[in-house]
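2 protein chains.
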Amino acid sequence: MRIVVPFKKENAKSRLAGVLTPDERGSFAMCMLRDVIDVADGFDLDILTPSLLTDDCIDDIHRHVLLSDLGLNEALNEYLLKQAECNCGHVMIVMADLPLIRKYHLAEIACSDSDVVIAPGKGGGTNILCIRDPSRFRVDYYGTSFLDHLQIAHENDLTVAVYDSFAASTDIDEPEDLVELLLHGHGGSARNMLVDLGFVVAVRNGRSGVERSGDRVVSHKP
Amino acid sequence: MRIVVPFKKENAKSRLAGVLTPDERGSFAMCMLRDVIDVADGFDLDILTPSLLTDDCIDDIHRHVLLSDLGLNEALNEYLLKQAECNCGHVMIVMADLPLIRKYHLAEIACSDSDVVIAPGKGGGTNILCIRDPSRFRVDYYGTSFLDHLQIAHENDLTVAVYDSFAASTDIDEPEDLVELLLHGHGGSARNMLVDLGFVVAVRNGRSGVERSGDRVVSHKP
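Protein sequences appear in the order of chains Y and B. Note that my numbering gives residue 368 to position 210 of the first sequence, counting from 1, and the numbers run on in steps of one. Note that my numbering gives residue 341 to position 183 of the second sequence, counting from 1, and the numbers run on in steps of one.
These are computed hints drawn from the structure, not numbers from a lab. C-beta atoms are modelled at their ideal positions from N, C-alpha and C, and glycine is treated no differently. Worth double-checking, as some hints may not be accurate.
To be verified - Short, incomplete list of chain B residues facing chain Y, as computed with Cβ under 10 Å:
id, residue
1, Pro278
2, Gly281
3, Gly282
4, Thr302
5, Leu305
6, Val320
7, Ser323
8, Phe324
9, Ala325
10, Val337
11, Val359
12, Gly364
13, Ser366
14, Gly367
15, Arg370
To be verified - EDC-like, lysine to aspartate or glutamate: derived pairs with alpha carbons at most 16 Å apart:
id, chain 1, residue 1, chain 2, residue 2
16, Y, Lys166, Y, Glu182
17, Y, Lys166, Y, Glu232
18, B, Lys167, B, Asp331
19, Y, Lys261, B, Asp322
20, Y, Lys261, Y, Asp202
21, B, Lys261, Y, Asp322
Assemble the whole structure, with the sequences as input and the hints as a guide.
Spelled out as structure tokens, the structure:
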């Protein structure tokens with residue numbers, strides 16, 4: 159079993175531009191990657207990225223880096239092909255923005271008897287995708303990738319399990335996602351960074367969101 | 159173990175006003191209640207509501223109805239008190255807008271050894287709350303009820319388990335929640351109603367949402 163985490167630091171987390179500066183977004187993305195690397199401890203790990211990563215808090219990352227200038231789908235499908243050629247076994251693709259996942263989530267997914275395991279994200283996304291035989295699957299991220307991956311599995315006569323987890327479904331993309339990290343995070347790098355930046359859980363008009371120090375409301379829905 | 163489902167049909171699902179008419183919202187809320195009643199089959203069930211429910215598709219509901227004019231917290235806390243007085247055992251409070259839950263979710267929660275089990279909703283909500291001893295707990299919904307319920311358990315020296323489920327976390331409140339029901343629903347009343355109304359999954363600019371027949375975009379985020 160290998161875990162591969164695609165990652166792109168350049169202009170990372172652009173949808174958080176309203177609440178984090180460009181530098182903060184880059185650091186926040188790296189902290190979420192750090193959290194994912196931590197829970198992947200014990201697995202063989204590759205970080206698939208277009209550029210070398212330099213960050214104090216990710217000092218042990220370089221030995222995992224695989225450089226690729228390809229787009230997300232092309233890079234991952236090339237990766238799957240190489241894994242298939244070397245008969246390297248299962249591949250688990252884990253998105254880099256899942257700071258709520260824990261070791262037991264990856265262990266449970268790895269133990270599945272199904273040919274393909276999908277942990278869906280909100281809005282039809284695919285947050286974790288585990289493939290027993292990488293020669294028989296190709297990925298198709300963006301849009302409703304959950305449906306696309308079900309279809310690809312069906313076309314290849316592969317059995318599918320859907321992994322039902324709130325933590326695994328919570329990718330941090332939008333400002334309103336930050337409250338989930340504050341509420342349900344377990345002290346990882348990304349949550350600590352938010353706390354250090356002054357983010358707190360706040361309730362206005364019965365709705366929860368986050369505020370940054372100084373009571374500037376940043377993520378309440380209208 | 160009793161399951162209690164608080165429900166209010168009047169002005170139900172007001173945040174869906176942009177995509178459903180008032181009549182449709184009432185019917186949709188009833189369909190979601192129907193789906194929850196179906197998965198609660200096998201448990202003793204009470205529907206806590208301020209008014210009698212009349213609906214063709216809920217012909218067997220009346221025997222479960224407990225009328226209460228109190229607010230959500232007051233009605234549920236009065237209910238817990240009565241259950242405690244009659245030593246009726248565990249109480250599981252299940253919100254009425256969880257059309258993705260299945261029987262196995264309720265069974266797993268019911269089997270927990272913890273004094274309190276919380277299935278969190280998005281944004282700090284509490285979607286399912288199971289209480290072993292109703293004499294030692296009171297509810298506090300609205301706002302970040304997840305944190306409030308953790309605190310109440312702590313104050314009463316009760317052990318807590320957080321039930322990690324994407325399905326149980328998905329309460330249908332906002333237009334963007336509808337896509338989860340279309341994608342992950344299993345043919346229940348609420349999903350069928352959406353399909354009958356012409357809702358389909360659609361992708362614009364790489365983001366998934368729902369459209370209603372005629373290609374009128376109704377739930378894509380900006």
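Hints, verified against the model:
1. Pro278: 6 Å, holds
2. Gly281: Holds. Min distance 5 Å.
3. Gly282: Since chain Y brings a Cβ to about 4 Å from B:Gly282, closer than 10 Å, the hint holds.
4. Thr302: 5 Å, holds
5. Leu305: This hint holds: B:Leu305 lies near chain Y, its Cβ roughly 7 Å from the closest one there, short of 10 Å.
6. Val320: 8 Å, holds
7. Ser323: Holds: closest Cβ of chain Y sits about 5 Å from B:Ser323, inside 10 Å.
8. Phe324: Constraint on B:Phe324 satisfied, holds at 4 Å.
9. Ala325: 5 Å, holds
10. Val337: 6 Å, holds
11. Val359: 6 Å, holds
12. Gly364: 5 Å, holds
13. Ser366: B:Ser366 check passes; min Cβ-Cβ to chain Y is 4 Å, inside 10 Å.
14. Gly367: 7 Å, holds
15. Arg370: 17 Å, violated
16. Y:Lys166 - Y:Glu182: Roughly 15 Å between the alpha carbons, so the hint for Y:Lys166 and Y:Glu182 holds.
17. Y:Lys166 - Y:Glu232: Within the cut-off at roughly 14 Å; holds.
18. B:Lys167 - B:Asp331: 14 Å, holds
19. Y:Lys261 - B:Asp322: Given pair Y:Lys261, B:Asp322 holds - Cα atoms ~14 Å apart, limit 16 Å.
20. Y:Lys261 - Y:Asp202: 14 Å, holds
21. B:Lys261 - Y:Asp322: 14 Å, holds
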